[in-house]
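Chains A, Y, P, B and E: place on chain C using the hints.
Protein chains: 6
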Amino acid sequence: MSGPLSHLNARGEANMVDVSEKAVTSRTAVAEGYVTMAPATLDMILDGTAPKGDVLATARIAGIMAAKKTADLIPLCHPLALSKVTVDFTPDRAGARLRVEAAVKVDGKTGVEMEALTAVTVACLTLYDMCKAVDRAMSFSGIRLVEKSGGRSGTFRAP
Amino acid sequence: MSGPLSHLNARGEANMVDVSEKAVTSRTAVAEGYVTMAPATLDMILDGTAPKGDVLATARIAGIMAAKKTADLIPLCHPLALSKVTVDFTPDRAGARLRVEAAVKVDGKTGVEMEALTAVTVACLTLYDMCKAVDRAMSFSGIRLVEKSGGRSGTFRAP
Amino acid sequence: MSGPLSHLNARGEANMVDVSEKAVTSRTAVAEGYVTMAPATLDMILDGTAPKGDVLATARIAGIMAAKKTADLIPLCHPLALSKVTVDFTPDRAGARLRVEAAVKVDGKTGVEMEALTAVTVACLTLYDMCKAVDRAMSFSGIRLVEKSGGRSGTFRAP
Amino acid sequence: MSGPLSHLNARGEANMVDVSEKAVTSRTAVAEGYVTMAPATLDMILDGTAPKGDVLATARIAGIMAAKKTADLIPLCHPLALSKVTVDFTPDRAGARLRVEAAVKVDGKTGVEMEALTAVTVACLTLYDMCKAVDRAMSFSGIRLVEKSGGRSGTFRAP
Amino acid sequence: MSGPLSHLNARGEANMVDVSEKAVTSRTAVAEGYVTMAPATLDMILDGTAPKGDVLATARIAGIMAAKKTADLIPLCHPLALSKVTVDFTPDRAGARLRVEAAVKVDGKTGVEMEALTAVTVACLTLYDMCKAVDRAMSFSGIRLVEKSGGRSGTFRAP
Amino acid sequence: MSGPLSHLNARGEANMVDVSEKAVTSRTAVAEGYVTMAPATLDMILDGTAPKGDVLATARIAGIMAAKKTADLIPLCHPLALSKVTVDFTPDRAGARLRVEAAVKVDGKTGVEMEALTAVTVACLTLYDMCKAVDRAMSFSGIRLVEKSGGRSGTFRAP
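Residue numbers (the numbering used here), protein chains in the order written: chain C, 302 to 460; chain A, 302 to 460; chain Y, 302 to 460; chain P, 302 to 460; chain B, 302 to 460; chain E, 302 to 460.
Excised from the complex, chain C in its bound form (with noise of 0.2 Å):
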């Protein structure tokens, strides 16, 4: 762990950072997340007894639209034109949760970390919103950066 935050000038103060002497670069960034819920309410979701295309298909929908909408939710993010969005989930029965997985790309100046996080926790609330009439003790967990390439920092891949 090294460096300033750079959001922050010398006197403390937020600043959206200047990134115009940036190289636009190919950049990708994919994270992850899980959302905790009853096993019955997972079998809602999953069997059937709740119309499961449309619950995941809503929440896939929300998270794409979300990291559309990432610089408009993060203060100091920058706009950035994504080349790609994809809003995937991995049922766990035996540990009773969903796991939500985005992956996005861009050809920009920064990095799409933020965008990637943002389609998750948006699939995640969108989830909890589809299922909270019958279970509003779900949770989310382990929501992280997953992995990221390009850009002057090169690659991440969490531990």
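Everything labelled a hint here was simulated from the structure, so no lab data went into it.
Careful: at least some of the hints might be erroneous.
Any copy will do: because identical chains look the same in the list, a pair fits if it lies in one copy or spans two.
[What the hints assert, rightly or not] Capping the alpha-carbon separation at 27 Å, the derived lysine-lysine pairs in DSS-like fashion look like this:
(1) K323 with K385
(2) K385 with K410
(3) K370 with K385
(4) K323 with K410
Positioned in the frame of chain C, the structure of chains A, Y, P, B and E alone reads:
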């Protein structure tokens, strides 16, 4: 746990459910979450190596503004004229993490659970964005509804 | 047909009209429209060559979310806290077209005709977007208000 | 007609497709649509009983602004830095209708068909909103892509 | 002048203050501002060298639409369902400036001062944008609240 | 001063002008403005009776976020992927006012004058919102472009 997924109609298609017959009542919700980071990152935020004030101020404002965007982010949420939003941070040096709590109030026909959860998650995302230059391995966990009151389903408190 | 264009003042300038003296009443609106396409395109959507579920699910969610953005899209529309939005599709294989219907409810001072029409048109646009790779000649027609109720002007039904 | 629905992956799930390998080229699109109304409504708009200028000016601006919101409205559209948007109206007194045409340009990796269609439909919606007090039976038809150029799929002209 | 800054809690942190106990009353606000420009620029706008109608029409619509975005722009503003917004322009040839006035109404728990001021400033910005090709030295001054009524603090009139 | 209003076509109708033939160059803009207030209000902000940090921090963040919304607020502005936005405040106790300055950079086909002016005005609006409980008579003046560089029209410096 009981009842159907209220967002889905008989054919399993997503819908914004009809709340027109619900009463306008005073409703509140509190949500929480944790951002785990390297101890040195937390030190930077709290001790002033990283200018503490603005990191937390930026995340607080982002969380509050996000609560107002909930119906724009979550496909089937009803728009609501929120009457209060607060976002607070509590450091946990021993655990190398920061607790985020959001509280929301409304006089309306639906609850504000999603608004409180949205404020928490976007505050977490902003903390990540403000510190990612020094700590890409930060993660979010324990994001959940702490309590809610008001409306037909009454009071909920996390177990 | 009678009366002035209520959005324009005496000098012909656009205005968001004063509804402060209007009563809050329960208001509903239903709108419809048709997307005409090649028979093979409709087959793909309905028969599963093209995975039907998600095309319609995506368009349905887009229409619902757009209804909530109506006041942001239509310059002189009043913002409204919608209490219900639904979007439904009915295939017409003989006519090689898909019928889109949206129904909206509010308790408010102005009607929801624009919200229902906005939901229909954005659902149509999304269907086009999902299928344009195979059928750029798709078109929309018959977009209109089917009926509305509530408010000073009472009930309207399309002739 | 050929090829798969590019927005859907192998499992039929919605995705924002990867355009990162596509070339940045100059792309244009023109779309059109018609608003049919009572002859007296068209007269009001054109002859000045209804102050013509502002009805059309408001609809023109709404259409232009909507083109810039396309990626926010259509779930799987890529955000694009548009370089030109125009919206024009041509009255057809004999047909008691108004033709709406939008033209959009971009230098980008994807086309602007959706932006042109979105501009047309939101201009139509705004015309309806401006005149609905006198003519609730107005309807929209013939909304379609007229032509597009640029990109791998080349030039399209409506038959 | 008295009382604390109501947006800041005991620790000086920003908050969206709790208005849930406030009464819903009818509230109005009027704000004004001036755009000073070269006399020739004002002539172009007013005399038709520059087509007057659309410059003012565009600025008027931009101001009205901005009033509806106030809670999205100003971090701690409460969202409000505005019941009226108007924007008007008065030329002052002698002073080589244009006066902009906005009036806003709501039935709500908080006032609409910010909405009126936002409408005025965005109308000013749009006038600048429409004319900057010929006059980059235009400036805005005298932007202030003219009067407001309703709510606990009662009526205010600018001295 | 010379040339036509580039946003208006031959018929005087508003248009988003075609910049597709313009070169992508590095462009900067700096804008400024002043918020005049009661001396006691400025004291509260600066001396800590009012917790200074958060008032200015909130206004700074609001200004930065607003710069990113410029194309959504100003009808005929082109969307731009900004590479830098900063907002700074300089107190002027003698004049009982606060100077607001915003600086914006982009590599693009159009300039960022509007983005800098939008950041300044929304920071002013937020300062008003944060302090209006104690000083409704605050006003904004001297809002103008200080300088801009890049693009065909070259460098401008306020006289």
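Evaluation of the provided hints:
{"no.": "1", "hint": "K323 with K385", "result": "both (21 Å within a copy, 11 Å between copies)"}
{"no.": "2", "hint": "K385 with K410", "result": "both (16 Å within a copy, 11 Å between copies)"}
{"no.": "3", "hint": "K370 with K385", "result": "both (14 Å within a copy, 18 Å between copies)"}
{"no.": "4", "hint": "K323 with K410", "result": "both (6 Å within a copy, 18 Å between copies)"}
The structure meets every hint from the earlier list without exception.
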